[in-house]
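J.: Chains A, B and C, in that order, are what the protein sequence lines are.
Here the first sequence stands for residues 18 to 191, numbered as in the working numbering.
Here the second sequence stands for residues -1 to 801, numbered as in the working numbering.
Here the third sequence stands for residues 3 to 230, numbered as in the working numbering.
I should point out that these hints are in silico values taken from the structure, not numbers from a laboratory.
Coverage of chain A stretches by chain C, computed from C-beta distances (three or more under 8 Å per stretch; other residues unrestricted): (1) 124 to 135; (2) 142 to 154; (3) 164 to 173.
No experiment lies behind these values; they were computed from the predicted model shown.
Beta carbons are placed, not taken as given, at the ideal position from N, Cα and C, and that holds for glycine.
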Amino acid sequence: MSIGHTLLGLLESGPRHGYDLKRAFDEHFGQDRPLHYGQVYSTMSRLLKNGLVEVDGIEAGAGPERKRYAITDAGVTDVAQWLHRPEKPEPYLQSTLYTKVVLALLTGRDAAELLDTQRTEHLRLMRGLTERKRKGDLADQLICDHALFHLEADLRWLELTAARLDKLAQAVNA
Amino acid sequence: MTLLDTRGTGNRAGGPPHRPPGGPAGWLRDLALGARFAVTGGREGWFRTALSAVGVGIGVAVLLLAASAPTLLNAWHGREKARENLGQLHEPRASDRTLRYAQADTSFHGDAVRGRLVRPDGAHPPVPPGLRRLPGPGEMVVSPALRDLLAEPGSGPLRDRLDYKVVGTIGDSGLLGPQELTFVAGMDDRSAGESYRIDRFGKTFDPQPPSARLVLLIVLACVVLLMPVMVFVGTAVRFGSDRREARLAALRLVGADIPTTRRIAAGEAVVGAGLGLAVGLLIFLVGRQAAGAVTLWDVNVFPADVLPAPALAALIAVLVPAVAVGVTLFAQRSVTAEPLGVVREAPVRRRRIVWRLVLPLTGLALLSSLVWEPDPVWFRAVRLGVGSALLLLGITALLPWLVEAVVRRLHGGPVPWQLAVRRLQLSGAAANRAVSGITVAVAGAIALHMVFTTFQAGFAEAYAKSAARPVIELSGSAADAQRTRDALATLRRTPGVTWAHGTIDALAGRAGDRGTRGADGHLSADSATVVVGDCAELRHRAPIGSCRDGDVFVTEPRNGTGRAPGSVRPGARLNLNPPDGYGEAGPARPWTVPDSARRVTAVRHPGEDLPGDVLATPGALSPALLRAPEMKLRVGYDKAQETAAVERIRTAAFHANPGMRELSAIDNPHDRQYAGVRTAVYVGAVVVLLLIGAGLIVSTVEQLRERRRLLSVLNAYGTRRSTMGWSILWQTAIPVVLGLALAVTAGVGLGTVLLTTTETGVRVDWPVVASVTGLGAGVILLVTALSLPPLWRMMRPDGLRTE
Amino acid sequence: MTPEGSILSGEGLHKHYGRTPALDGADFSIHPGEVVAVLGPSGSGKSTLLHCLAGIVRPDSGSVRYDGRELTTLPDAERSALRRRDFGFVFQFGQLVPELTCLENVALPLRLNGAKRKAAEATAREWLARLEVDDVHGKRPGEISGGQGQRVAVARALAGHPRVLFADEPTGALDSLNGERVMTLLADAARDTHAAVVLVTHESRVAAYSDREVTVRDGRVKEPLAGL
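Start from the sequences, fold in the hints, and give me the full structure.
T.: In structure tokens form, the structure reads like this:
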């Protein structure tokens, strides 16, 4: 999962302090694994260096941790590209996809489109597996089926998520 | 809905739903639940319940009508008895409380008009029912129907004839029915000879036992009308049975056991039957208001006369719901509602023909046994009724076998035909049920028509033969020659009359004989007919040659070489006051045939009475001496203006003597009698066929609805609408055509057997067979046509939508 | 207007059922021999799209072109004739005529098209064999399993050598194994006869038999983003 893109995405809704960023991240995505503050700091430094964020201003009398970050135009573009780039289908990638869906919603992007894009990527792989299954022997069929069923499960989850997007949007924006 | 209802009821009863409390309470609950299903099925459910109710209702109405027959005939006969007093053996002596009474019937354009003449002897004569007082001379009281008829513009000739002053209207108690044409008028001298004295109205007489033919017709009509009604009731209570079975399956799923589902089904059927009873009562009450307008077999009654006998009405009220429940349970016998659907036991088992033949063959045997004559009438009637019913019932049992046997052999053919045949092969039961109703109705109608037609044709032939000669014969009492002359003169002056002859005829006894009656009831040959008339009239009876007033002739049979033993010789002594059938021999009034009487050869004109044994001119024998002299007038008229001429002749005769009787073959009363019944049978057949058509439409549309998805799929495949339309047509047509073929066979067969047993020539009324069959074909087209809009609606792609 | 080389295409299709929009400007095209999966959630308008493309339903607006002809303006009778001649259909269930034997069911479209009974049934026999159900032809649909029934349905859809096969959730009522087999047979047969297949499904494993997929969402068709 790309923490950089996630934090960038969180900044899209408005400039935040580093600590706010950590809190927002933990609230939405860090259920079982809260983000270490140092990670936020180092990620922000890299993003600053790449020109994807800028420092919005430092409040008087505050330490370095009180820096307010804001996303740049380049950063917005980068988030968009990341969101629309399908993940390589593999088992258990829900967390990445979930992050993407929530971020898409938080940033007012079309989450359904994201899901469609991901499905296309999945299907591309499934088509290959199906083709291999058709031509292969029983062992091939079993192996391919294992992968196919997992991929299908991903997609089912995606469908389910897509179907619940409205509810999710309400939840995340509440 | 159904599931929730059941669960709710189960909980309310306090037990788990799969073990309903036994006993009457549980039973009642099941029945009530079924009753609720009958009325809570939405619009379609209501439609089916309503159709069942109408079907049962029509059956109930017919049954109530049949149950009213005894009351109706009692009322009818009762009023006839109360108002009449004709043909008394001993006349009472004239007193303050007697009157002279005579009949003055006439007819107008084929409608019989009952006329009675009265002349009181004193101040307190009896008054017949329906009249407040007796009309005086030149006055009459009329029935409402006659009053209306007289007021019609085309009734001029009748107004001329009944030129009395109308002084009142006869009340209902003096009428047989609202349509009866009758009048009571004051008598004048013209009819004195016809009249006799009575001291009261009302008399006891027993109606003649009905003829074998009439019994046959009545019993057959009852069977023919009631059988299809019963079949229809059986079909009607099964409307929507597929839905019902699905519902029962759902009930099984939530734990109802099989007896419970049976009770629920029974409850549902009871509601339909109960509604049917109500509808039937309504149809009956509304329908009987029309009774006054209907004349069947010359019987026309008041609506109030159409009242079911209480016992029979109670029987109907109990029997119809019982039959409905019985039919429902019987239909369920081979069907078990299982939780996950309906199991039809052994659906592919072939129908066996053997027991199906038992019913019609038993019926046929019973009918054939009618050839033995000497049984009492009621026993014949029972065998006739049971035999016809068995034969017709046998058809309904035979039809499913026939349809199945024929359909099994059908294959190939174009697609619509294939679809229809396959459909019938798999499940033709619903269609069969409906069609068996058609079959019974059509077979019965054909048989009834055949019997009617044959009887009627016999009468019609006789009448046609007689009526071919344009002659009316009139007879009335006549005491003097001048009256006869006047009547003849009047008739000859009447436009349209081509000729008129008439004499005065009377019976005389041979001298010394007291007159004896032969075993056959006819007067034996020791009597002679005396004919009195002017020379010109006598010349018409025999070639008498020269003749003057005062001459007498005796006739001899034409072929006689010598003196025939029966003829009267000149010089013979006759008794002009012979004893008649009443055995009341007055004092002998002797008269001698003059020796100068000439012997002449009798001429017998076709269609006329014997010429008479003694022909006398009034100068030789005064009619006043004769006992019960009758003027016999024969009037020829111009066939080209028959209708007008006949009415004018009747008017002239009425004016000569209102009591004059007409003997002619102009109006065949049987035409009217049979035509009325034929129309009734026809209307009944049409109603039954339409009802059955309605039933077929319901089952077809129900079937279509079940196949909604399939129809949409077939539409997606580009199936032409016409292909599906034709398949529905075939699906309806195959059973109906087979049913009609069976019906025509059975109908003609039944008719033939019946006519053979009554020794009447068999005659098939092919136009009627054709038209009844045509009606059946019309039903096919109607059902198909009315099924097409729903078919096309179901073929829409909506049926493909699964979401 | 027609996308290059396509045999069937729809453009700007709108269809309302009552006030509910089922299609809201959908575009679609398919090439001969191509298998296209139509995916999308329930109620997205997949089936309506199929119905419009097949000429079963006339769209409120938009155009459907098949083989150079505009379908939306064809009268009903001609569209029916077209469906009989050039199209084949497989649905999820309830498509076999219960009274007819399986053989007669497969022969039905051929006969509707005017073929003689003998010839139609001979062809039907071949197709039943090809779909590995040659043992059912004398049986009625009620007497065979769901998987067999669906194979009979596929045989029926392909027996008339359609140029476009419309399959609406063809495996929706089958278990995985039967579904896989039916899809394999369907896809192979379609490829052999060079029929285009419009495959409506919500199962990605079924969609994986396609050459390409489109997604219907809110009455619009989303093509996969190119170049990613």
